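*Asks:* Which chain is which? The protein sequence lines are P and R, in order. Taking our numbering, the leading residue of the first sequence gets 1, the next gets one more, and so forth. Taking our numbering, the leading residue of the second sequence gets 1, the next gets one more, and so forth.
Don't read these hints as lab results, they were simulated from the structure. Note that the structure is a prediction, hence the values are computed from the model and not measured. Misleading hints may appear alongside valid ones.
Identical chains blur together in the list; that is why a pair holds if it fits in one copy or across any two.
[Claimed, not checked] Derived DSS-like pairs (lysine-lysine); straight-line CA-CA distance at most 30 Å:
hint, residue 1, residue 2
1, 51, 190
2, 109, 96
3, 122, 276
4, 239, 49
5, 104, 159
6, 167, 260
7, 109, 214
8, 260, 276
9, 239, 104
10, 179, 159
11, 109, 182
12, 49, 276
13, 109, 122
14, 109, 260
15, 157, 179
16, 221, 157
17, 239, 51
Number of protein chains: 2
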Amino acid sequence: MNFEISILGSSSATPIYQRHPTAQILRIHERFFLIDCGEGTLIQMIRYKIKYQRINHIFISHLHGDHYLGLLGLISTMHLQGRSNELHVFGQPELKEIIDIQLKYSETKLRYPLVFHMLDAKSSELIFEDEEVTVNSIPLNHRIPCTGFRFSEKPRKRKLDRDMIEKYNVPIELYEDLKDGKDYVTAEGKTISNAELTQDPKEPRSYAFCSDTKYDERILKFISNVDLLYHEATFMSDKASRAEETFHSTSAQAGIMARKANAKRLLIGHFSARYKNLYPLLEEAKAEFSNTTLALEGDRFSID
Amino acid sequence: MNFEISILGSSSATPIYQRHPTAQILRIHERFFLIDCGEGTLIQMIRYKIKYQRINHIFISHLHGDHYLGLLGLISTMHLQGRSNELHVFGQPELKEIIDIQLKYSETKLRYPLVFHMLDAKSSELIFEDEEVTVNSIPLNHRIPCTGFRFSEKPRKRKLDRDMIEKYNVPIELYEDLKDGKDYVTAEGKTISNAELTQDPKEPRSYAFCSDTKYDERILKFISNVDLLYHEATFMSDKASRAEETFHSTSAQAGIMARKANAKRLLIGHFSARYKNLYPLLEEAKAEFSNTTLALEGDRFSID
């Protein structure tokens, strides 16, 4: 079962050097989650052969243009291309007004249900849950209300050990009990411990998306032990005061957050237009947290 | 003095095959007019090395997303990059509301004055004038209010014939009278005709932009004798009923409009996503009006 993030854009507001603003596709099993949707996201999805009609959930962190201006074009094209499935959009409450007036003035009556979910940027909430995945919001610290997201697999059930089950002749109707961790009691009354009959399942995987935010250790508890952390790194440390003023982070700060959160791997992005060469940002983050990678558009990162 | 149109995008709503939605730059002398601003226009301008801060006037035909969704990103980036010059935006009245709420929710206070000019989609008006150029609006026939634009050089003054002026010793203070077409009366009372002292100026040049519209001959009077006509050609004739239903034109209809308007040259664009190969659309238009060219992004067309 896959758990893979595709980067469609990782530029900050000015799309220089043909770098696109923030957008990512997170694929968990057969779900396609779109995270942020800067201008040009649809054309990027076509470029990278992502079947955009398979997206059923869109998460928009905040209302700076480089994080949402591609949304209306995507919503409209889904409509024009005959979508009928529900589309769920998670965003700050004002995003609904922005969507609604643009649909109104273009006289577009969507052929599919658009379900809007309002985020509360001040608290962490469970905003999505199905049988395999949960999504929790993360309160970030930006100039305007801004929300990050943590996507987690639910813990899986224990795996049956086929050889041992055969050996003890466990009846099929008890398999689910074994998967849930129960011991098996034989017809003779002998207890076989669950540990003998099952194996540990794979660890549930998780991805956290933190953009845009200034360095804020209150965020750590929401991203602790994450397998893959995306954290913005708009500036280098020589612009730390500019980062502070604009409620952004430096590359070093992104590295520190990853280390303090005990993340397994860090992706950095949201690069300022002032950096044509991004490798110095990478080096700066690596000095704090060695398992860091640049989030470059077109790149995909799997968690195994 | 240049008079040149650059095509940044000519796709209809779905941006397939890496074709971008409608946007054009018209350069007349040192003016840069942006006509429509579909999603991705800014990144297209950067790709084609157009200095976007030199744009002072933006004309938006209507409120379907493929004609304006790049506007907010451009307005914001002009701001972030330190613009101070006035920016004039011409659009349907509701566009102002769309701009205003997005600036409000992103808490953006523009560093430059944005002057909004409301179009009246039902009539043709002089909407811009300076010493050399006029712009008139063109009422189009689309599903929602939609305006075309005719950009015209003002007639130039007559050109002085330096040899003849010397021959007759015309005093310098009368030069402007000669340029205005007046005859010269010598000190001896002899009248020298203006035609002997001046030459015809170059003909004023004009460009008309018609997108989106169904075939409507009421438009002809606003585009008559234009040097270069852009007319949408969303479909081929086998989809004429689809064109009619969606208030669009076929390629043949674009050709007929150019011929009936006595245009000198026709550009066609706004191609449906159903056409990967655009040459059949070109051939269809050429059968009606031979001097037709596809408006392909990256191409430039000068009027000499």
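*Asks:* If any of the earlier hints don't hold here, list their numbers in rising order.
*Replies:* Of the numbered hints, 1, 3, 5, 6, 11, 14 do not hold.
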